[in-house]
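Peer 1: Sequence:
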Amino acid sequence: MRTFLQFIRTNRYLLFFGITLTYFSSFGQTFLISLYIPKIEEVFGLSNTALSSLYAIATMASAFSLPWVGRLVDTMPLRRFSTGVLVGLAVACVILSVAIHPVLVMLGFFGLRLFGQGLMSHTSISTMARAFAADRGKAISTATLGHPLGEATLPLLIALGIGAWGWRSTLQVSAASLMILVLPFILFLLKSQPSDILSPHHLLGTQQQKSKNPFLVMKDRAFWVITPAVFIVGFLNTAIFFYQIKLGNSRSWDPAWVAGSLSVYAVASALSMMGSGPLVDRFTAFRLFPFMLLPYILGVVLLATLQHPLSYPAALVLIAVSNGGGSTIKNALFAEIFGTEIIGAVRSVFTTVIVFSTALGPLCFGLFLDGGWSYSAVFGMSAILLLLIITWSATLRKIQ
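According to this note's numbering, the residues represented by the sequence shown are 15 to 414, in order.
Please keep in mind that the hints were generated in silico from the structure rather than gathered at the bench.
Using N, Cα and C, we set each Cβ at its ideal position, and we do this for glycine too.
Any given hint could turn out to be false.
[As the list claims (entries may be wrong)] What follows is a set of in silico ranges between Cβ atoms, one per label pair, in the way DEER data are often shown:
#: 1; residue 1: Met395; residue 2: Thr298; range: 28 to 34 Å
#: 2; residue 1: Leu401; residue 2: Gly180; range: 23 to 29 Å
#: 3; residue 1: Thr409; residue 2: Tyr27; range: 38 to 44 Å
#: 4; residue 1: Ala64; residue 2: Leu401; range: 32 to 38 Å
#: 5; residue 1: Leu381; residue 2: Pro323; range: 24 to 30 Å
#: 6; residue 1: Val281; residue 2: Ser206; range: 40 to 46 Å
#: 7; residue 1: Ser264; residue 2: Leu171; range: 25 to 31 Å
#: 8; residue 1: Tyr27; residue 2: Lys53; range: 34 to 40 Å
#: 9; residue 1: Leu195; residue 2: Thr319; range: 16 to 22 Å
#: 10; residue 1: Val278; residue 2: Met90; range: 35 to 41 Å
#: 11; residue 1: Ile114; residue 2: Arg301; range: 49 to 55 Å
#: 12; residue 1: Val105; residue 2: Leu212; range: 20 to 26 Å
#: 13; residue 1: Thr405; residue 2: Ala190; range: 45 to 51 Å
#: 14; residue 1: Ser266; residue 2: Ser61; range: 22 to 28 Å
Please model the complete structure; the sequences and the hints are all you need to start from.
Peer 2: Laid out in structure tokens, this is it:
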């Protein structure tokens, strides 16, 4: 623990840069965007299906855009790239805030998903993976703390803002905060960083080819072993949180209890992130990867078999352990398998997989639920799918 704290003190500026970006990536995450959904439905008279379709289209469009934009983190100066991402996120907030037609709502969603969920996290983790070698696990686990911090604090702040100012003004305040507070702060944090972190990298041979066409990474067998585990986490996370209130209503859980359980999830996720960093540095992500979904399957089994109110926070704790530790493991794994020189291109492709999975999760769950499936049946099917993916992930050991 002392070594970990010393590492944080020594590299605090770059680590705070990573935490800041992952924290404000929450502006593009489903758990925060969902707070605006009821108001947008009311203003535009949209049904659940209509609005979720707009959201799915925007999310999938951002997923397909990510590899071509995200690869630039390998070759563009870090200050310039980070500035562009923050400006893009602020513009997306403004577009959604002034929307007078569903098409503008979809465009706002697209910007929030691309620049928020996608590129803010992508820039943070790519920088950590490249800047640190021996301590890559610690760096990634520290930077990703921004995710649970955002989950624990921002929903309350945004909900209070919507109640006090309305949803449009809250989005505009968010945009102003990004430009007036966050942008100068991250530029300050990068000011003292060495040139090898801030400057573009010179790529040669196959690295240059994969940077220009990130989808070439799909030719590697390792990609197809890793992808199902990456996909299922985004798929189930988004679906569970998207339908959590309706799940609670179906089991007579107090909505406040369901919402409050997210704080437990955030704490468990943060602790898992911090604990996984040293483990990755000691055992390597390559060895840990096949085990990262084991707590998740236990959490889903709880949701499938129990209906007591305590089962929800208990399940979220198990899911958070997989999410928190898995976030560190998979991001370190990308660097171990594919190298750090093209980490931006590689991560952008996997981020596309994640974003695509988050678009399909609520849609597929909705289709099954509308088709008459119970929540227990849907979670039972999810547990079987997780078991198959865990078995497939174990074949990674045959590659190297």
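Peer 1: It remains to establish, for every hint, whether it holds in the given structure.
Peer 2: Now the hints, each set against the structure:
Range check, Met395 to Thr298: about 33 Å between beta-carbon atoms, so the 28 to 34 Å window is met. Here the CB-CB span from Leu401 to Gly180 is close to 46 Å, at odds with the stated 23 to 29 Å. Distance hint check: the CB atoms of Thr409 and Tyr27 are about 40 Å apart, consistent with the given range 38 to 44 Å. About 35 Å separates the C-beta atoms of Ala64 and Leu401, a value consistent with the hinted range of 32 to 38 Å.
Restraint check, Leu381 to Pro323: a C-beta distance of roughly 27 Å satisfies the suggested window 24 to 30 Å. For Val281 and Ser206, the Cβ-Cβ distance of about 32 Å falls outside the hinted range of 40 to 46 Å, so the restraint is violated. About 29 Å separates the C-beta atoms of Ser264 and Leu171, a value consistent with the hinted range of 25 to 31 Å. The hinted window of 34 to 40 Å between Tyr27 and Lys53 holds, with their beta carbons roughly 38 Å apart.
For Leu195 and Thr319, the Cβ-Cβ distance of about 46 Å falls outside the hinted range of 16 to 22 Å, so the restraint is violated. For the pair Val278 and Met90, the beta carbons lie near 39 Å from each other, so the given range of 35 to 41 Å is met. Under the hint 49 to 55 Å, the C-beta atoms of Ile114 and Arg301, about 54 Å apart, fit the expected range. In this structure, Val105 and Leu212 meet the distance hint of 20 to 26 Å, their C-beta atoms being roughly 24 Å apart.
In this structure the supplied range 45 to 51 Å holds for Thr405 paired with Ala190, their Cβ-Cβ distance being about 49 Å. Distance hint check: the CB atoms of Ser266 and Ser61 are about 26 Å apart, consistent with the given range 22 to 28 Å.
Going through the hint list in order, the structure does not satisfy hints 2, 6 and 9.
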